[in-house]
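Protein chains in written order, with the working numbering: chain B, 2 to 149; chain W, 17 to 302.
Treat the hints with caution; some may be incorrect.
Below, simulated SDA-like cross-link-like pairs (lysine to any residue); rule was C-alpha separation at most 20 angstroms, straight line [stated by the list, open to error]: (1) K64/B / S297/W; (2) K146/B / F184/W; (3) K64/B / I211/W; (4) K262/W / K132/B; (5) K64/B / D177/W; (6) K110/B / K269/W; (7) K64/B / D171/W; (8) K183/W / R111/B; (9) K64/B / A139/W; (10) K64/B / S223/W; (11) K110/B / K183/W; (12) K64/B / G228/W; (13) K132/B / I302/W; (14) K146/B / W219/W; (15) K124/W / Q110/W; (16) K110/B / F184/W; (17) K208/W / L60/B; (18) K64/B / S225/W; (19) K110/B / R181/W; (20) K132/B / S223/W; (21) K110/B / A139/W; (22) K146/B / K262/W; (23) K131/B / K208/W; (24) K146/B / K183/W; (25) K183/W / D109/B; (26) K146/B / K269/W; (27) K64/B / S175/W; (28) K64/B / H215/W; (29) K64/B / Y238/W; (30) K183/W / K132/B; (31) K146/B / P222/W; (32) K110/B / D186/W; (33) K110/B / S297/W.
Rather than coming from a laboratory, the hints here were simulated on the basis of the structure.
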Amino acid sequence: MSRSHFDSGEKVKKKLKIIGFLCNWCSYAGADLAGTSRLQYPADIRIIRVPCSGRMNPLLVLKCLQEGADGVLVSGCHPGDCHYQEGNYYVRRRMLILKNLLEYFGIDKRRFHMSWVSASEGAKWADVVKKVVEDVRDACEEEVKTAG
Amino acid sequence: MIIKKIKTTAKDLLTDGSVSLIIGYGINGPGDVTPVFIKDPDDVEKLVWNDQCYYNLIRYLSDRDFIEQNNGSIGIIIKGCDQKSLKVLLSESQVNRDKIKVIGVTCKGLMDSDGNVLAKCEACDVVYPDKDFCDVIIGEEVKKKEKEKDFSDIDEIDSMDLPDRKKFWDNFFERCLRCYACRNICPLCYCKECIMDQHNPQWVLPSASVVGNRLFHIVRAYHLTGRCVDCGECERVCPIGMPLRKINRKIIKVVKERFDFESGKDQEQKSPLTRYRENDSEDFII
Ligand code: SF4
Ligand code: SF4
Ligand code: FES
Chain B
2 MSRSHFDSGE KVKKKLKIIG FLCNWCSYAG ADLAGTSRLQ YPADIRIIRV
52 PCSGRMNPLL VLKCLQEGAD GVLVSGCHPG DCHYQEGNYY VRRRMLILKN
102 LLEYFGIDKR RFHMSWVSAS EGAKWADVVK KVVEDVRDAC EEEVKTAG
Chain W
17 MIIKKIKTTA KDLLTDGSVS LIIGYGINGP GDVTPVFIKD PDDVEKLVWN
67 DQCYYNLIRY LSDRDFIEQN NGSIGIIIKG CDQKSLKVLL SESQVNRDKI
117 KVIGVTCKGL MDSDGNVLAK CEACDVVYPD KDFCDVIIGE EVKKKEKEKD
167 FSDIDEIDSM DLPDRKKFWD NFFERCLRCY ACRNICPLCY CKECIMDQHN
217 PQWVLPSASV VGNRLFHIVR AYHLTGRCVD CGECERVCPI GMPLRKINRK
267 IIKVVKERFD FESGKDQEQK SPLTRYREND SEDFII
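Next comes chain B alone, as it looks inside the complex (with noise of 0.2 angstroms):
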């Protein structure tokens, strides 16, 4: 098994690796979008294309931790836009029970976060992944630090 962060005491590295799962019809357009307007992010997200927010399963967020990523990010539609019109309201509730499970056994919330970004928000999608890269680091470092 490669190591986790579920076991702390790595050094950080220069690159996170944190796992983006972007739904087909908004956030995966905007952050193609984002692409296409040459904005700059930093890449150290690897996207994941699901065909709605509403697919996912907590499982496939437990399942990047344990396996090693460093931060996983869930971006859908904005509430009311779900291609499907409901997924989102469905996963909105899922993640929020992972969310507070996770921090209650001690993993740090900025680890895990989800989005809303549009298919015409290409800008707002680099920014996400700027705060969320900047956030993963953050736990990463303190946690190194605190396991001295």
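On the provided structure of chain B, position chain W with the ligands as indicated by the hints.
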């Protein structure tokens, strides 16, 4: 006397043929109360009722193999906390209400071997099972204690610093044996094939390591979101003393605060994860 009434009720139900099996509490020896299965009306003498009837017998009703083997009607003896888990099963269409006869018994709280009332009973609010839910009620009517839910045990953990909290839990995750007793005893963990036993794909590391155990406990608790009724059975059976109620109750608290939902109250209402409100709070979204 409660036990006398339990015995006569069981005998009547078995003799008039309305049930072919009674699931209740019997005794195995001093201080060892265990589930008993009674098919013969003459055997009702084996039934007992005391403050050590810990088992949540509803566990048997969510076992489909067991139900199939006993395809007649089943009579079951329940306490208030057990009633909640039965309501959750009904809300999920796991039990055919017409096939069971529910014998609700007033419960004054269970005691541990030192004579202290169990913590889960201190927190319980269904001392007296619902009249319109049970087929038979035994014991005096007790007024429901209307009290504010007390989550101070959870707040205490929440208020720890992150590294301390991690240490607190990792200390237990180091010792969890992965015996799965907590899962197996839970009346609401009824999947035929549990995700923990799946190997292809393997979602959760099966070894009893801190990493695998942490994930196991996240998933176990998560699957009970909006369902766990805090019957405390998981914590009771754990051989290493894992504070499982502290995990379950964290979710119970979040579900109450965020979704205004309590499980086991209304059999028409499913887990809040199967529903949503457009204006659910989203303060955690960036
Ligand atoms: S009963 Fe206890 S030791 Fe066994 S799997 Fe559950 S938490 Fe681990
Ligand atoms: S998780 Fe534990 S307390 Fe909750 S319903 Fe299952 S056995 Fe009871
Ligand atoms: S399609 Fe984007 S969230 Fe459902």
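Hints, verified against the model:
1. K64/B / S297/W: Outside the cut-off at roughly 26 angstroms; violated.
2. K146/B / F184/W: Measuring from Cα to Cα gives roughly 18 angstroms; hence the hint holds.
3. K64/B / I211/W: 13 angstroms, holds
4. K262/W / K132/B: This hinted pair is violated, its Cα atoms lying about 33 angstroms apart.
5. K64/B / D177/W: At roughly 25 angstroms apart (the allowed maximum being 20 angstroms), D177/W and K64/B break the hint.
6. K110/B / K269/W: 18 angstroms, holds
7. K64/B / D171/W: It is violated: about 28 angstroms lies between the C-alpha atoms, which goes past 20 angstroms.
8. K183/W / R111/B: Answer holds: K183/W to R111/B is near 18 angstroms, not above 20 angstroms.
9. K64/B / A139/W: 35 angstroms, violated
10. K64/B / S223/W: 15 angstroms, holds
11. K110/B / K183/W: Holds. K110/B to K183/W sits at ~16 angstroms (cutoff 20 angstroms).
12. K64/B / G228/W: Holds. K64/B to G228/W sits at ~10 angstroms (cutoff 20 angstroms).
13. K132/B / I302/W: 9 angstroms, holds
14. K146/B / W219/W: 30 angstroms, violated
15. K124/W / Q110/W: Distance ~29 angstroms between K124/W and Q110/W Cα, so the pair is violated.
16. K110/B / F184/W: Holds - the C-alpha atoms of F184/W and K110/B are around 17 angstroms apart, at most 20 angstroms.
17. K208/W / L60/B: 19 angstroms, holds
18. K64/B / S225/W: Distance ~15 angstroms between K64/B and S225/W Cα, so the pair holds.
19. K110/B / R181/W: Answer holds: K110/B to R181/W is near 13 angstroms, not above 20 angstroms.
20. K132/B / S223/W: 35 angstroms, violated
21. K110/B / A139/W: Outside the cut-off at roughly 30 angstroms; violated.
22. K146/B / K262/W: 28 angstroms, violated
23. K131/B / K208/W: 43 angstroms, violated
24. K146/B / K183/W: Holds, at about 15 angstroms.
25. K183/W / D109/B: 13 angstroms, holds
26. K146/B / K269/W: Not satisfied, since the Cα-Cα distance of roughly 32 angstroms exceeds 20 angstroms.
27. K64/B / S175/W: 27 angstroms, violated
28. K64/B / H215/W: Satisfied, since the Cα-Cα distance of roughly 14 angstroms is no more than 20 angstroms.
29. K64/B / Y238/W: 14 angstroms, holds
30. K183/W / K132/B: 28 angstroms, violated
31. K146/B / P222/W: Distance of about 30 angstroms is beyond 20 angstroms: violated.
32. K110/B / D186/W: Holds, at about 17 angstroms.
33. K110/B / S297/W: 17 angstroms, holds
Of the numbered hints given earlier, the model fails hints 1, 4, 5, 7, 9, 14, 15, 20, 21, 22, 23, 26, 27, 30, 31; all others are met.
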